[in-house]
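Protein chains: 2
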Amino acid sequence: MIERLSTFFVRTLREDPVDAEVASHKLLVRAGYIRRQAPGVFAWMPLGLRVKRRVEEIIREEMRAAGSQEVLFPGLLPADFYRATNRLDDFGDGIFRLEDRKGAEYVLAPTHEEAFTLMVKELYSSYKDLPLSIYQIQDKYRDEARPRAGLLRGREFTMKDAYSFDVSDEGLEVSYQQQRDAYERIFKRLGLDYVIVSANAGAMGGSKSEEFLHPTEVGEDTFFIAPSGFAGNVETYQSTPRPAVEGEHPEPVVFDSPNTKSIAALVDHLNEHVEHPEGREWKAADTLKSVVVVLTHPDGEEELVVVGIPGDREADMKRLETSFQPAEVAPATEADFAKNPALVKGYIGPWSSEGPVLGEESVTGIRFFLDATIADGSTWVTGANVSDRHAMWVTVARDFTADGRVEAAEVLDGDPSPDGSGPIRTARGTEIGHVFQLGRKYAEALGLKVLDENGKLVTVTMGSYGIGVTRDLALVAEQNHDERGLVWPESVAPFDVHVVATGKNQEAFDAAERIAAELSEQGLEVLVDDRPKVSPGVKFSDAEIMGIPWIIIAGRGVADGEVEIWRRADGEREAVKIDDAASELISRRNAVLR
Amino acid sequence: MIERLSTFFVRTLREDPVDAEVASHKLLVRAGYIRRQAPGVFAWMPLGLRVKRRVEEIIREEMRAAGSQEVLFPGLLPADFYRATNRLDDFGDGIFRLEDRKGAEYVLAPTHEEAFTLMVKELYSSYKDLPLSIYQIQDKYRDEARPRAGLLRGREFTMKDAYSFDVSDEGLEVSYQQQRDAYERIFKRLGLDYVIVSANAGAMGGSKSEEFLHPTEVGEDTFFIAPSGFAGNVETYQSTPRPAVEGEHPEPVVFDSPNTKSIAALVDHLNEHVEHPEGREWKAADTLKSVVVVLTHPDGEEELVVVGIPGDREADMKRLETSFQPAEVAPATEADFAKNPALVKGYIGPWSSEGPVLGEESVTGIRFFLDATIADGSTWVTGANVSDRHAMWVTVARDFTADGRVEAAEVLDGDPSPDGSGPIRTARGTEIGHVFQLGRKYAEALGLKVLDENGKLVTVTMGSYGIGVTRDLALVAEQNHDERGLVWPESVAPFDVHVVATGKNQEAFDAAERIAAELSEQGLEVLVDDRPKVSPGVKFSDAEIMGIPWIIIAGRGVADGEVEIWRRADGEREAVKIDDAASELISRRNAVLR
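Sequences listed follow chains U and V, in order. For the first sequence, the tail end lands on 594 under UniProt numbering, and the numbers increase by one without skipping. For the second sequence, the tail end lands on 594 under UniProt numbering, and the numbers increase by one without skipping.
You may find that some hints are simply not true.
Unchecked claim - Straight-line distance between alpha carbons at most 27 angstroms, and here's what the computed DSSO-like set of lysine-lysine pairs gives: (1) U:K449 to U:K128; (2) U:K539 to V:K121; (3) U:K539 to V:K128; (4) U:K318 to V:K102; (5) U:K102 to V:K128; (6) U:K188 to U:K208; (7) V:K533 to U:K456; (8) V:K26 to V:K539; (9) V:K128 to U:K504; (10) V:K539 to U:K26; (11) U:K208 to U:K26; (12) U:K539 to V:K318; (13) U:K26 to V:K102; (14) V:K188 to V:K261; (15) V:K539 to U:K533; (16) V:K449 to U:K533; (17) U:K504 to U:K121; (18) V:K441 to V:K456; (19) V:K102 to U:K102; (20) V:K261 to U:K533; (21) V:K208 to V:K188; (22) U:K128 to V:K504; (23) U:K121 to V:K449; (24) U:K456 to U:K441; (25) U:K128 to U:K102; (26) U:K533 to V:K121; (27) U:K188 to U:K261; (28) U:K121 to V:K26; (29) V:K128 to V:K102; (30) V:K283 to V:K345; (31) U:K208 to U:K318; (32) V:K283 to U:K449; (33) U:K128 to V:K345; (34) U:K121 to V:K441; (35) U:K449 to V:K208; (36) V:K283 to U:K128; (37) U:K102 to V:K318.
I should point out that these hints are in silico values taken from the structure, not numbers from a laboratory.
Hey, can you work out the whole structure from these sequences and the hints?
Below, the structure written as structure tokens:
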């Protein structure tokens with residue numbers, strides 16, 4: 001098939017879109033693949049739609065190979081579907097809600113566990129009907145607080161979501177593995193690097209879950225890799241519990257520490273005014289930081305709690321969220337502090353000269369947790385619960401007790417791997433796929449049962465498996481670009497070859513058309529730049545930003561019977577005879593594909 | 001490709017869905033093609049999705065042949081897009097509206113004129129960029145008051161909408177014709193009967209518009225066909241104006257007519273108590289019926305008006321809507337009558353013994369219109385504006401004047417054709433496609449201008465062209481079914497061949513698989529009924545309801561080396577040798593396709 005730029009609906013732009021932060025967003029807009037319609041909502045121009053279709057086709061082929069059958073559910077679903085599993089509340093503001101003219105409540109579906117479960121419940125009744133794996137490629141909606149980075153975090157986006165239905169746990173394990181294998185094949189075909197990490201199942205519930213993370217600086221997730229190869233989202237990182245510290249410490253001492261609301265100021269103050277018992281410099285790690293957060297429990301009730309973490313680390317809100325789920329976690333606001341005058345901001349600590357001040361059993365009753373790395377018997381400099389005062393020698397389990405240990409502090413390079421294989425490495429990544437063993441949570445809530453071999457009703461066990469189609473497309477662009485534009489891999493390029501005719505000589509345009517026709521006959525998708533009166537410079541830079549893998553230039557050389565083959569990925573250009581151009585290109589392309 | 005019923009996600013149902021009125025709805029649900037999720041909202045099971053894809057592919061091929069390029073816009077669009085063209089109000093309750101977490105207003109797009117116009121405005125600036133034709137196949141949303149008949153009137157439905165952009169009126173004419181031609185090819189390929197009728201452009205605005213109507217008893221539209229072949233939606237039917245009636249009539253006479261609120265009661269009363277001047281029976285056609293309706297003008301103001309139509313006809317609300325557009329029209333309610341005590345319900349007329357009582361110049365000031373068929377000088381029996389009294393000899397243009405003539409009465413078989421070619425025939429139909437010349441309405445409202453050849457800014461002229469993909473699919477089912485199930489035409493059937501293995505003999509199952517493999521190798525899509533322990537009767541009735549055009553039965557005959565080829569459309573069955581089955585089937589199928 002041949003398209004021609006003289007009529008093709010595309011315009012390349014010189015300027016980056018004002019709101020674009022990441023390369024894929026800038027380039028997909030500038031090269032004429034997508035156009036923004038609203039925050040996180042995009043339209044697909046012909047170039048972009050071609051790439052989207054190719055990504056979808058790869059996913060379809062691998063879903064089929066995994067024994068999954070395609071269906072298609074609506075985007076508009078009754079709110080009651082999600083109410084039955086309590087997810088309407090779980091999604092909170094993240095779900096688009098609306099009413100029809102009769103006042104019936106609907107949502108724009110953010111994911112379809114309930115609808116799939118209900119359909120299987122309506123139609124299936126026996127263990128003989130299972131296992132079943134069904135999927136769709138469908139547009140989903142999430143009202144993200146901060147839609148950003150173009151297609152990477154959109155509010156309307158295309159997703160492939162598959163669901164498996166099994167009678168037994170072993171069956172679920174097989175279904176899960178089939179999807180997981182398919183995902184590996186899909187990401188390989190897309191040319192997307194990935195790491196499989198154990199994940200937090202989050203709002204999905206369920207027992208086991210793994211994320212496919214694509215390592216990228218523009219990612220919103222952080223993951224770790226152990227020397228053993230074991231990897232995980234830091235949300236799931238389990239700290240190694242430290243043994244209790246032996247030995248006696250002096251009794252706590254309160255000291256003046258004016259203007260030391262920050263850890264840095266406190267450490268400076270200590271180094272200036274207090275000699276360290278071991279004669280060394282004070283470090284942030286000697287201090288205990290009190291992080292105040294507000295939990296919102298599923299019943300809507302809010303609870304303020306304090307978490308103590310080593311002063312040299314930041315709190316990781318996503319890890320706290322995992323620790324406290326199903327509650328949501330948010331940093332305390334000024335209003336929260338105003339409601340809790342017992343907390344002296346900047347000088348909070350679990351102990352004061354009058355005794356413990358934090359913890360369920362303390363005078364305030366405010367629950368107090370410690371980061372999981374903090375050992376019993378360890379001793380700290382911490383707030384004395386009086387303005388401009390801190391206390392030292394405040395010792396865990398002697399001077400105060402915690403209501404529990406939680407994973408709270410950020411995870412850093414060099415931390416010990418949970419599997420004991422040594423120090424971890426951390427990196428940024430973005431989720432490109434997610435596989436969940438939901439287990440029986442949804443089937444239970446919605447009553448999906450079948451008769452087993454003995455004629456007994458048993459609850460079905462399920463898996464759910466998602467790939468962000470449009471996000472993954474953006475990441476392919478992100479991973480495959482240079483300073484001049486996109487550099488598509490062959491598997492998803494909008495066209496296979498971009499044939500450019502330059503100059504004022506009709507011969508060059510004729511040669512371009514002839515070569516395009518030959519390539520098209522061989523089954524390749526060809527874009528011809530047949531625009532009259534457009535300079536070679538503009539045509540070349542358009543070819544570079546659009547990023548089609550192979551470019552053929554029919555220009556001045558045509559007079560000598562030659563055109564150039566230009567490979568976008570490495571910039572190599574070579575002259576070939578016009579008559580050989582199509583076959584030369586195909587053999588080079590085949591060499592790359594092999 | 002081969003699918004097997006032992007694992008295929010489908011279940012046929014014995015019972016019609018409770019809310020189903022039309023055959024396509026009943027059969028598509030019972031045969032396992034679609035499942036209802038909410039009123040007018042459906043999910044697609046694998047069988048249904050296969051048909052949907054084939055319909056879409058036919059449309060894509062013909063759009064491409066018409067020079068239209070595929071794009072894809074979001075379903076979620078800012079409400080402001082529609083506010084700019086006043087359509088937010090025009091759509092009223094028919095549009096799904098929602099707010100995001102920041103309170104920004106959105107709609108679920110019911111059609112995309114604005115978004116397409118804005119994108120072209122952003123990217124194009126010269127007459128050289130035009131003409132342009134772009135289209136999408138996309139899910140649309142309309143909050144129908146009465147979603148009904150399954151996919152025929154849904155609230156979430158798939159539509160192909162194309163838009164053309166031209167500099168000149170002549171260009172628009174060409175673009176329009178290209179789409180119109182493509183529509184004819186599409187409906188022919190779908191095997192859908194159609195009539196092209198001139199239509200009311202309605203909420204779309206614009207100058208010229210034609211509907212493709214599929215004649216069907218389950219249709220919601222009525223259209224007419226003239227002896228000349230000229231056809232139109234009755235909404236656009238133009239009555240032939242009648243010449244003024246010559247001659248003198250007696251002065252009006254008021255007479256008692258107790259309990260004659262209906263035309264039928266009035267005619268009975270006349271025949272019992274009043275001699276007709278010509279000695280014949282009184283007929284409903286001798287009476288003038290006063291129809292009271294409320295216009296809602298675009299500014300939201302309501303106005304009650306009265307329309308006089310011959311007593312033997314009903315008022316046609318859709319035709320009135322066309323007459324009074326852009327106002328909306330609704331029958332007056334009891335509350336409206338209460339607000340207008342001058343109207344004596346059941347005895348309303350334009351004249352009373354005190355003079356004219358209806359019309360802008362009359363004592364009430366209530367505007368009064370006459371149906372376009374009513375001639376000046378014609379005389380009528382009509383309400384006397386006093387309870388239980390009517391008047392006769394009330395003569396148009398002598399005793400009262402109308403504020404205008406409007407197309408108001410229903411159109412019936414035998415009415416004169418607007419083109420003068422004789423009596424029309426009317427029939428029910430459903431819109432399967434619609435082509436509009438929008439002209440410059442949207443480009444004007446949204447500022448889409450380009451530089452013309454002389455460097456002057458000119459407003460672009462547009463067309464918009466829609467096909468209801470899912471509705472048309474349902475109509476294909478509606479047109480192609482019998483009492484036993486669906487009977488798909490080859491062009492959109494979910495599979496090409498349905499191979500049924502019956503009995504307990506493994507040989508039959510092996511033969512079925514062998515034939516399926518041969519057919520699949522020849523490029524056919526094959527469904528194999530390989531279910532063990534399912535009776536032949538069930539398998540045959542499943543094959544019949546699913547409606548795949550060709551069925552091969554591998555049963556008892558396999559022992560003698562034979563299977564049966566069964567054509568679903570005509571029920572013909574013939575035994576053939578197993579080894580010849582695939583080639584026999586293909587040659588028969590080719591004979592049908594030719």
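Hints versus structure:
1. U:K449 to U:K128: Judged against 27 angstroms, a Cα distance of about 13 angstroms means the pair holds.
2. U:K539 to V:K121: Holds: K539 (chain U) and K121 (chain V) sit about 23 angstroms apart, inside 27 angstroms.
3. U:K539 to V:K128: holds (17 angstroms)
4. U:K318 to V:K102: holds (23 angstroms)
5. U:K102 to V:K128: violated (49 angstroms)
6. U:K188 to U:K208: Satisfied, since the Cα-Cα distance of roughly 23 angstroms is no more than 27 angstroms.
7. V:K533 to U:K456: holds (21 angstroms)
8. V:K26 to V:K539: Distance ~19 angstroms between K26 (chain V) and K539 (chain V) Cα, so the pair holds.
9. V:K128 to U:K504: The hint holds at about 18 angstroms.
10. V:K539 to U:K26: violated (56 angstroms)
11. U:K208 to U:K26: Between K208 (chain U) and K26 (chain U) the Cα gap is close to 37 angstroms, so the pair fails against 27 angstroms, i.e. violated.
12. U:K539 to V:K318: violated (54 angstroms)
13. U:K26 to V:K102: Holds. K26 (chain U) to K102 (chain V) sits at ~25 angstroms (cutoff 27 angstroms).
14. V:K188 to V:K261: violated (50 angstroms)
15. V:K539 to U:K533: violated (66 angstroms)
16. V:K449 to U:K533: holds (23 angstroms)
17. U:K504 to U:K121: violated (67 angstroms)
18. V:K441 to V:K456: The given pair, whose Cα atoms are some 19 angstroms apart, holds under the 27 angstroms limit.
19. V:K102 to U:K102: holds (25 angstroms)
20. V:K261 to U:K533: violated (77 angstroms)
21. V:K208 to V:K188: holds (23 angstroms)
22. U:K128 to V:K504: holds (18 angstroms)
23. U:K121 to V:K449: Since the Cα atoms of K121 (chain U) and K449 (chain V) sit roughly 55 angstroms apart, the hinted pair is violated (cutoff 27 angstroms).
24. U:K456 to U:K441: holds (19 angstroms)
25. U:K128 to U:K102: violated (41 angstroms)
26. U:K533 to V:K121: holds (23 angstroms)
27. U:K188 to U:K261: Outside the cut-off at roughly 50 angstroms; violated.
28. U:K121 to V:K26: The given pair, whose Cα atoms are some 20 angstroms apart, holds under the 27 angstroms limit.
29. V:K128 to V:K102: This hinted pair is violated, its Cα atoms lying about 41 angstroms apart.
30. V:K283 to V:K345: holds (21 angstroms)
31. U:K208 to U:K318: holds (18 angstroms)
32. V:K283 to U:K449: violated (67 angstroms)
33. U:K128 to V:K345: violated (67 angstroms)
34. U:K121 to V:K441: violated (50 angstroms)
35. U:K449 to V:K208: Answer violated: K449 (chain U) to K208 (chain V) is near 57 angstroms, above 27 angstroms.
36. V:K283 to U:K128: violated (70 angstroms)
37. U:K102 to V:K318: The given pair, whose Cα atoms are some 23 angstroms apart, holds under the 27 angstroms limit.
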